[in-house]
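Please put together the full structure from these sequences, using the hints given.
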Amino acid sequence: MPLPTTLDRSEPDTTTPVIEVRNLRRSFGSFLALDDITMTVPRASVGLLGANGAGKTTLIRTLLGLLAPDRGEATVVGYDIRSEGTSLRAYVGYMPEAEGLPSNTTAADFVGHMAEMSGIPPRAARQRAADVLYQVGLAEERYRLIKGFSTGMRQRVKLAQAIVHDPQLVFLDEPTAGLDPRGREEMLELITRIYRQLGIAVVVSTHILEDVEKVCDYVLILDAGRLVAAQPLGAMEVIGGEVTVRIDGDQAAFRSGLEAQGVSVHDGGPETPDELSVDVHDEAVYDVIRDLAVQQGAAIRSMRSMSRSLEDIYLGNVGASREEVGAGV
Amino acid sequence: MSEHANGVAPGRYGEVFDRGYAHYDGPREGRRRAVKSLFVYSIKRAMGIRKSWTAKVLPVLLYVSSFVPLIVMIGIAALLPDANVASYPDYFDGIFFLVGIFAGTVIPEILIPDRQEKTLPLYFARAITRFDYVIAKLAAAAVLTMTISVLPAIILWLGRQLTAESPWSAMRDNIGDLGQVIVLGTLIALTLGTIALVISAMTDRKGVAIAVIVIAFLIVSGLVELALTELDQDWRRYLAFGHMQLVFSAISASLFNAEPNMDVQEADLPTWMYYAWICFIIIAGSLFVRWRYSPGNTA
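Line order of the protein sequences matches chains X and G.
Residue numbering for the first sequence follows my numbering, beginning at 48 and increasing consecutively.
Residue numbering for the second sequence follows my numbering, beginning at 11 and increasing consecutively.
Hints are supplied without guarantee of correctness; some may be wrong.
[Said to hold, decoys possible] In silico contact screen, one side only, chain G against chain X (beta carbon under 10 Å); selected entries:
#1 R38
#2 T129
#3 D278
#4 P280
If you are wondering where the hints come from, they were derived from the structure by calculation, not from laboratory data.
By construction, the Cβ of each residue, glycine as well, lies at the ideal position given by its N, Cα and C atoms.
See below:
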């Protein structure tokens, strides 16, 4: 299904935090769902990662003002989640994970109704419903009953209702769940467009790391109700990364040359003795390697990035978090 | 030739325009708009408006069953001025089960689909509170039931006045009847609508709700009638509270200064008890629905 092309409407404002949380805690009986969460989330495309039961949906529902926290405070798009829930929800969109659409009504009617439910007058609501359904690729199908829609089309309707009232922030809970590979790609493309072209900040809750890598530039990682990472995604890939360099030439001299310029170098190990592992703490290290090879007349045969993937970071943080909990920290 | 603001010449047939996403700068009317929208949408859904034709069959049949006898009665009054057309208490007694069937089959459509189709999280993520949601649903149920309990009765009143020899003076003389008709019709709508909502709030299946409501109206009423005739203990008169038609027969008789039916006379309960009972049903039922939709119970 082709997606409509659009022009950029606005440049996202990345400077203002969209969510600010301090010491947020929420439990259900003896089960601690959110444990002392403190974070400041920029206006960005944010991935909320965590295994099933990590607290992602509880965090979203708390931030929407639907669940009262046991303690702590939070503001979302400037509104207090405890005292300004209804005002907050007029400016925030939510696409739940669960299947939740009326079957015996048309997409246009339902999305228009959802716009009115956010306070938009009927005439404008109908117009916006038509426009947003066009944006998500359901222009022709909008007057059909939803019960005849495929899973992918139903996900698009859920996305349309989440953005029809022009929110400042939209929470997407497992937006690619149940989609085939093509539908998933299209959904990720839509999510990218929501932030990049429509200027709406996005929080994508998922346990699929690849989805976050594709569409997000900031990541929050939850594990057993605890926030174990909150940082830009690009920084994650660089921090702690290294490249493996293989040259034709004097390897020892090359290593000495790098170390002389303050670059940390390790041997490639017994299986790859002709390789050097170079720590990349800064992008300038790539220039140092290139310039030194030219200076020494050595040919670079290969250079592979060994920087940590999001998966490594996720597993590292989650593992460390569990060790801390196990050690009673 | 004038140009559009974006510098593009005015549209010709077949011209393609960019329909980029536009940010919304218009008014946001908050909870008021949301509750109003939910109220209207609930009524439309229950009536099958903008749904497949099968969804419209039952409401249309029930309205036809309600309005056709009414038209016949007004016609008889117009053609045969001396004919004894049914009194208001008789009329309400006659339509009582029709209102019950309407409440039992149409009202569940107001509440159940939101839980059955799991759209509640979408509603509660909007600019409303759970209390707003319940208020909109209660109002939709009451107004919808009033269209079959109050509206036909008002038309009957109007028809009677218009077929009188002097319509204007008839209206002036009988304006009190109109008030009584509206009060009785509204009480019936609120009571039966609330009972239907309470039962609908307890199940996610429309079929179950409809069956329970019909059983509540028909079977319980039958059992109460049986008990009233067969039992001879003094407490049996309180069983009249379980027979809603008797309850409204008593209220109707008090409103129109008419003679109550035999069972009501037999029960011999003070009229205020009947009013107190329906007030209790409406208030307790509304509170139950409110509780049912509190956090932890749903969504």
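Comparing the hints with the structure gives:
1. Contact between R38(G) and chain X, as hinted, is supported at the beta carbon level, the nearest pair being about 4 Å apart and thus within 10 Å.
2. The restraint placing T129(G) at the interface with chain X holds, with a minimum CB-CB distance near 5 Å, inside the 10 Å limit.
3. Proximity of D278(G) to chain X is violated relative to the hint, the smallest CB-CB distance being about 50 Å (cut-off 10 Å).
4. Interface hint at P280(G): violated, since its Cβ lies 45 Å from the closest Cβ of chain X, which is beyond the 10 Å cut-off.
When held up to the earlier numbered hints, the structure conflicts with 3, 4 and fits the remainder.
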